[in-house]
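Please construct the entire structure, taking both the sequences and the accompanying hints into account.
Residue numbers (the working numbering), protein chains in the order written: chain A, 1 to 289; chain B, 1 to 289.
Please keep in mind that the hints were generated in silico from the structure rather than gathered at the bench. Ideal Cβ positions, reconstructed from N, Cα and C, are used throughout, including at glycine. Errors might be hidden in some of the hints.
Covered by chain A, per the in silico footprint, the following chain B stretches (three or more residues, Cβ under 8 Å) [what the hints assert, rightly or not]: (1) 219 to 230; (2) 274 to 284.
Residues from chain A shown here face chain B by an in silico Cβ test under 7 Å; the list is partial [said to hold, decoys possible]: (3) 98; (4) 101; (5) 161; (6) 163; (7) 265; (8) 282.
Number of protein chains: 2
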Amino acid sequence: MHERPVNWMDNPNAERVKRVAQLAGRSAVRNRRQQFLAEGPQSATEAIRAHLGLLTLSPAAASFWPEHHTVAEVYYTPRLASTHPEIQALIARLGRNVFVAETSDEVLQAMSDAVVHQNIIAVINLPSGGEAPSPEAQLVAGLIRVQDPGNAGTIIRAADAAGADCVLATTQTVDVYNPKTVRSTAGSLFHLPVYTNVDLAQFIQDYQGQVLAADGYGDVMLDQADRSLLTEPTAWLFGNEARGLNSRELKLATARVAVPLYGLAESLNVATAATICLYSSAMAQRNEP
Amino acid sequence: MHERPVNWMDNPNAERVKRVAQLAGRSAVRNRRQQFLAEGPQSATEAIRAHLGLLTLSPAAASFWPEHHTVAEVYYTPRLASTHPEIQALIARLGRNVFVAETSDEVLQAMSDAVVHQNIIAVINLPSGGEAPSPEAQLVAGLIRVQDPGNAGTIIRAADAAGADCVLATTQTVDVYNPKTVRSTAGSLFHLPVYTNVDLAQFIQDYQGQVLAADGYGDVMLDQADRSLLTEPTAWLFGNEARGLNSRELKLATARVAVPLYGLAESLNVATAATICLYSSAMAQRNEP
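Right, dumping it as structure tokens:
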């Protein structure tokens, strides 16, 4: 007697399903395969729009970003058609070299990092080559040993909202392609170049603007700073949650800037401080008389 | 034969342990008992400092806040003495009407909402009476049907950091005394008055300053606003994560203000937007020429 063969699309234990799920795990797997996951309608939509060239990047971002992420595979459940018909239309525009398949609920859950899957998962290829932040960028967000995936994602989203040209992350920073970070960028990961494993000293040597260290103990208060400090091209450095920036990193900066604490709070979460710093620069730069 | 009696301090199933744990659950329990939990060294420290009158409140916060939270019970494990000796010193200053006890690891875990307990849990009494935000407040953060506990906590922490005089929350807002919110305020819950179940229309009728609705579709851009919009006494309204503020709430506001989105991000998380709005007002108000 033969067992009835089970199609992989219904089999949570199929090799293909396992391979996708592995991308939600350790960063070593993502690095080796140069792929990561975009889970849920928001992330998947922005990934597919980037792939199809439908995003209107700022001229700066476009010039700094020679090669985007591309979509390798898309998996979705039948329910997506009713909850997000607009994504179906985007999926239909993907070419033949993107693997697209409808799967069962169980299979999508087996692929997913989330407690409850969100009906779509895309496998994304990392961009290759040209991986250095531009020395001419007007506004840069630097993740310097930031460890919490949610904080890294929130800063990438704030950098996008503030119109930053790019984000850079140093070696010891959390992997920005882990599912928690991707999710908390809410699609912004696909909106601007994010350079990883950046050599900070080399970047600062090449960078033509000023480098501002966000530092609770900084001697320049953000609200007391000369306006020129906020209007000049700027790379902000945001440090580790517990230890901040180290002395070597602080020395590389043009100035150490503190967000004022007017109440009794002893500190700000790094993502909150980063948001205030990036927006202070962005609003000043864009409204320069 | 008799069983050896088990002291409640070693018994995770003791009635006292269950009563504490219940405060981490449904808001109905907290409302009925008018108590909530401060878990972990940071929250517990700030709660105890508030109880002991060791916080130097701003004159405004002090005048608006006739009665603080008080500490009813404190439970900690033997490990606290080595990890946080400074809290032990604070605990020693608590009077006899505060119940203080060292417990086993198992008991503290049974009391805790966290996956891994943090060696200390305090039961806090809500302040009673005088529960209306002052019409004279310089800066107010309004939580209007905000649903996510982490967002509510982050906004309370940002309001504290920005030196707001108080926070108000309307009826349909998440319970600010749930453990996730308390945790994400990082102690700020004990730094400024947080008024719950506020009647928004009544507050706005009484309030002497302007009311600004944070609204992604607002017609005033934060970076284009007249400086006077930021220097005047202000109550900010922050709405529901999915639906924002409703038309009735928007009509109650003096102006609808949008945080500019310079990049490709379609929106900001409400806590991020709130941080930018509160800090924009605070920095302008405090640096008025």
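Do the hints match the structure? See the list:
Here's how the region 219 to 230 of chain B fares: 3 of its residues keep a CB closer than 8 Å to some CB of chain A, so the rule of at least three is met and the hint holds. A count of 5 residues in the region 274 to 284 of chain B with a Cβ less than 8 Å from any Cβ of chain A is obtained; the coverage claim is therefore met, three being the minimum. About 22 Å separates the beta-carbon of residue 98 of chain A from the nearest beta-carbon of chain B, more than 7 Å, and the hint is not met. Taking 7 Å as the C-beta cut-off, the interface hint given for residue 101 of chain A is violated, the closest approach to chain B being about 28 Å.
Taking 7 Å as the C-beta cut-off, the interface hint given for residue 161 of chain A holds, the closest approach to chain B being about 4 Å. A hinted interface residue such as residue 163 of chain A counts as satisfied when its beta carbon comes closer than 7 Å to some beta carbon of chain B; here the least separation is about 3 Å, so the hint holds. Interface hint status for residue 265 of chain A: upheld, as the beta-carbon distance to the closest one in chain B is roughly 4 Å, under 7 Å. Interface hint status for residue 282 of chain A: upheld, as the beta-carbon distance to the closest one in chain B is roughly 6 Å, under 7 Å.
Violation of the numbered hints given earlier is confined to hints 3, 4; the remaining hints are satisfied by the structure.
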